[in-house]
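Participant: Take a look at the letters that make up each chain.
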Amino acid sequence: MTETTQTIDQTLVRHMADLIRLALTDAEVELFTEQLGAVVGYFDRLAEVDVADVPPYRQPQMGRARLRADEAQPSMSREDFLANAPQQQDGFVRVPVVLDVPEEA
Amino acid sequence: MTLHTLTLRQAGELLTAGEITSVELTEAVLDRIRAVDPTVKAYVTVCEEAALAEARAADRRLQTGEGLTPLTGIPYGVKDCLSTTGVRTTCSSRILEDYVPRYDATVISRLRAAGAVLVGKQNMDEFGMGSSCENSAFYPTRNPWDPARVPGGSSGGSAAAVAAEMGLFSLGEDTGGSIRMPAGFCGVTGLKPTYGRVSRYGLIALVSSFDSIGPMTHDVWDTALVTAAIAGHDPCDSTSLEAPVPDYLAGMAQERLDGVRLGVPREYFADGMEPGVRQAVEAALAHLAALGAEIREVSLPHADHAISIYYLILTAEASSNLARFDGVRFGLSEPPEGVDIIERYLQTRGKGFGAEVKRRIMLGTFALSAGYYDAYYLRAQRARTLLRQDFERAFADVDALIAPTSPTTAFPLGERIGDPLQMYLSDIYVVAANPGGACSLAVPCGYAEGLPVGMQIMGPALGEATILRIGAAYQATTDWHTARPEQLPSG
Amino acid sequence: MNQHTMDYEVVIGMEIHAELRTASKMFCGCAVVDTTVAEPNTAVCPVCVGLPGAMPVVNQRAVEQAMMVGLALNCDINAFTSFARKNYFYPDLPKGYQISQYDHPIATAGWIEVQPDEGQPARIGIRRAHMEEDTAKSFHHTTGTRGGGGYTLIDFNRSGVPLLEIVSEPDMRSVAEAYAYATKIREILRYLGVNTGDMEKGVLRFEANISIRPRGSETLGTRTEVKNLNSFRALVRSAEYEIQRQIAVVEAGGTVVQETLGWDEARGVTYSQRGKEHAHDYRYFPEPDLPPLVIDPDWVEEVRTSLPELPDAKHARFIREYGLPINDVRILVAERALADYFEAAARAHAGDAVAISKWIVGELAFLMNRDGVDIGEVKVTPVSLAALVSLVDKGTISQTSAKDVLGAMFATGRAPEDIVKEKGLVQISDEEALSQVADEVLAQHPDQVAAYLEGKENLLQWFMGQVMRATRGRAQPQTVLGLLREKLEARR
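Chains as they are written, first to last, in the working numbering: chain A, 1 to 105; chain B, 106 to 596; chain C, 597 to 1088.
Since the hints were derived computationally from the structure, they do not count as laboratory data. Small disclaimer: the values here were computed from a predicted structure and weren't measured. Each residue gets a CB set at the ideal place from its N, CA and C atoms; glycine is no exception. Possibly wrong hints are sitting among the right ones.
Said to hold, decoys possible - Facing chain A, from chain B, some residues (calculated, C-beta under 8 Å):
1. S438
2. R454
3. L491
4. R493
As the list claims (entries may be wrong) - Covered stretches of chain A, as calculated for chain C (at least 3 residues, CB under 8 Å):
5. 58-70
6. 92-98
Same shape as in the complex, but just chain A:
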């Protein structure tokens, strides 16, 4: 496994902000680039740890008994659900126009 000490630059920061839908000002991009660079530099110390042949942690497994029986339960009322919605129309949640297409069917 190759180790990468990543230099965090502004392009990467803008890319990450875009991926998680965060609008950043130029000042924020500059500040975060510096701060995140320091943090990731610290994380790179983890490269000192020998993890060859060490499995990633996995939670204890569950068996069939921990699954839910397939029975329909009463739902949340539409009124309760839509009471929190910033915009609604005719029983639907309303959002601004979606120009991009979905990533999945």
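Chains B and C: place on chain A using the hints.
Facilitator: Frame of chain A; chains B and C shown alone:
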């Protein structure tokens, strides 16, 4: 009226005996909040009317004597990351500033069923991201021992509320020290139970793999009472443990620790502790030895990497958990008109999240990205296995580990907020327990320059009974936990 | 097909998303409803709309249905299976991630055999089948301009419905094979009762991954992914179009770009879907809210023994047991309910099952199509169909009459015997009575008798016709034929 100074156990006895009513007790707490919270700022929302209604219902129960529990009629507050029906739940973030949930977290349901009285929602670092409560979008909470200092975080409001007697207990939440570290700074007792011991259903998730809800109280006995009420399997939480809940009160009367083996991790006692903190913790160790415990040195070789392990997993999971805050179904939604959905996302999240939240979710996105996943997130999960093995090996030799809650006492407001990495490093002693699979109890163990010092008693998974017993014996023979800050107006 | 296509081989793989027919959703107890008729947002809860603090709990029946499909597709069922988060932003995805499976899907390494309409049977590999949750439904009202007053409405009833994604190997080499594969998968899902196959309700969705390469090449060409195909027609038309498009690109000296495409049914073209270049970084990681699930061998065996007889096995058995012609078998087996109907009728009928089959795939099918009636709603019971066929076998009624009777049974659900009696359709088989009629007919047409005796043997049919007219179609044809022949020969 000094009813607000009672411990949970004391109040419970008086309520059962009919010497006080829940309404009186709750009014005392509400009065106290009015008196001191303008200074401490522990609360985001106080639900006065609802609390009094619950108190009246509790009094009816106390009169009939039906379905009484040790918590019936007891006023308490919760960290504002727990979902409470009809009561604003904000995670101290602008993005949830006006969010009112329509369902209760399981722990809240259990406390309601027990008859406890919810007084309000407590301030925190935004979405649990911080160690000082300065990352709250609303205001920083002040340490009741010195209002120019931080209470610790992220359960800063919960710790300060107990310390300032604005509630007989709090429910906090600990992901990487968020109960224990502020408990230490504020001189109160706090428990981070084993992950999965307490249901997370209704807890607004920060790190799904680490988040643990736990009580913050004046003493270990109260901690045992609250834990008994909230612990136990929940079918709504697939990660909650099915192991039966033992009787935590069984060990509370012990005053001796003969035969108990306590481990001191050498990595924690090497460097970095302030002299006053070191002195207090070493005195506590001496006291524990005097109670009959055997003290040994142990090693947690990967403790040095715990912060990296912790923050890599934290940021990754948080970046995913916070994706649902998008202005579509609830919460802040900006701007209301005139844009497409992408712009809505960008503006809502850009305006709704504070700087630390943004930093961490970007980091998390980075750690999970194609090309970096193996070197960062996956590597952290592998190193986590090694950390867990460190704890398992240690607990094969000893019953519990002793460590400070923090290298320093409460630092001044503003001192660390400009340097994220410095802030992360204040968690050095508490951060290992969550990825490591341990449970941990924080108890006050002295002072340094007038400020509380906290000590951790760490146990193996499902070792709550052991660490509570050790804590109870310590508190039965010391009185650090009985002190209350004098700065604030009382009565 | 233009002559250039002879130089190219097409490689197709398919991903099929099938909603599972459970009572409740994949990770919560909300009812699974028909989202084309239910009022919007009436089957929702904190979990499936991603409210803060909500947590998923796995539906046991969904896992079982996934196992059923895996076994029916000859897959290995993994000893343990785990869930993963697939992270991306879209308003129909409430949590901002979809709980799916990545490293350890429920089923892997399977195959099915398909028989395309043209060409040889083919074995198509199944790479994996995995469980995930469906997204909400969006209804776009766009004016096509950013910020120009367009909006999208979202119904979360579908959010969280259990979905099984079946991923094939890129083993298909023609559109006909892809069609046959999709047909077979749909048939198997319907057989198992885990999916209705109703494409119009969107419970089954196709995606085709298409590439071309020079014939004889071993390496795969760059593929495009055509998504959101919600009918067989769209599957076929889009695949055919895309193949030609790729060929044209290559022939013109260009290279095929790997991209996601939509299919515009109205204009008959694929089109590139505008998405950011990093759109595919889903940042998969193991779902921390769901521990890995152990699938113990006992459970797999339980599910395996509960499987109904699958199409291929039924097909082989029908040929073996009932001696039916292959085309009849194809039709009967295509729908499990129809096959069951046939067997019930065949068992109720003492005689030849082939006759039963003929009536079902012939007359009954005609009536069902005409009136748009499903085999599940048909008023003719298998037992009464068998009774009708017996009446014909015994000669009680003629074939022609039987068709009328079936029509009446279809409309009213009444027993054939009652209808026959009421309409007076019992055939005359009494030799004496028929003999008399035959004699009369021959007596009335001496010229035709003479012509017959001189060699016009086909007049026999004409004489039959005359007898039938005289008896209003109720004469037993075999008997009449025999009598006429006898009498005519006697006059030589």
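Participant: Determine for every hint whether it applies to the structure shown.
Facilitator: Tested hints:
1. For S438(B), the shortest C-beta to C-beta distance to chain A is roughly 3 Å, which falls under 8 Å, so the interface hint holds.
2. Taking 8 Å as the C-beta contact cut-off toward chain A, the hint placing R454(B) at the interface holds, the least distance being around 5 Å.
3. Contact between L491(B) and chain A, as hinted, is supported at the beta carbon level, the nearest pair being about 6 Å apart and thus within 8 Å.
4. The restraint placing R493(B) at the interface with chain A holds, with a minimum CB-CB distance near 7 Å, inside the 8 Å limit.
5. With 12 residues carrying a beta carbon less than 8 Å from a beta carbon of chain C, the region 58-70 of chain A meets the three-residue requirement, and the given coverage holds.
6. Counting residues of the region 92-98 of chain A whose C-beta sits closer than 8 Å to any C-beta of chain C gives 7, which meets the bar of three, so the coverage hint holds.
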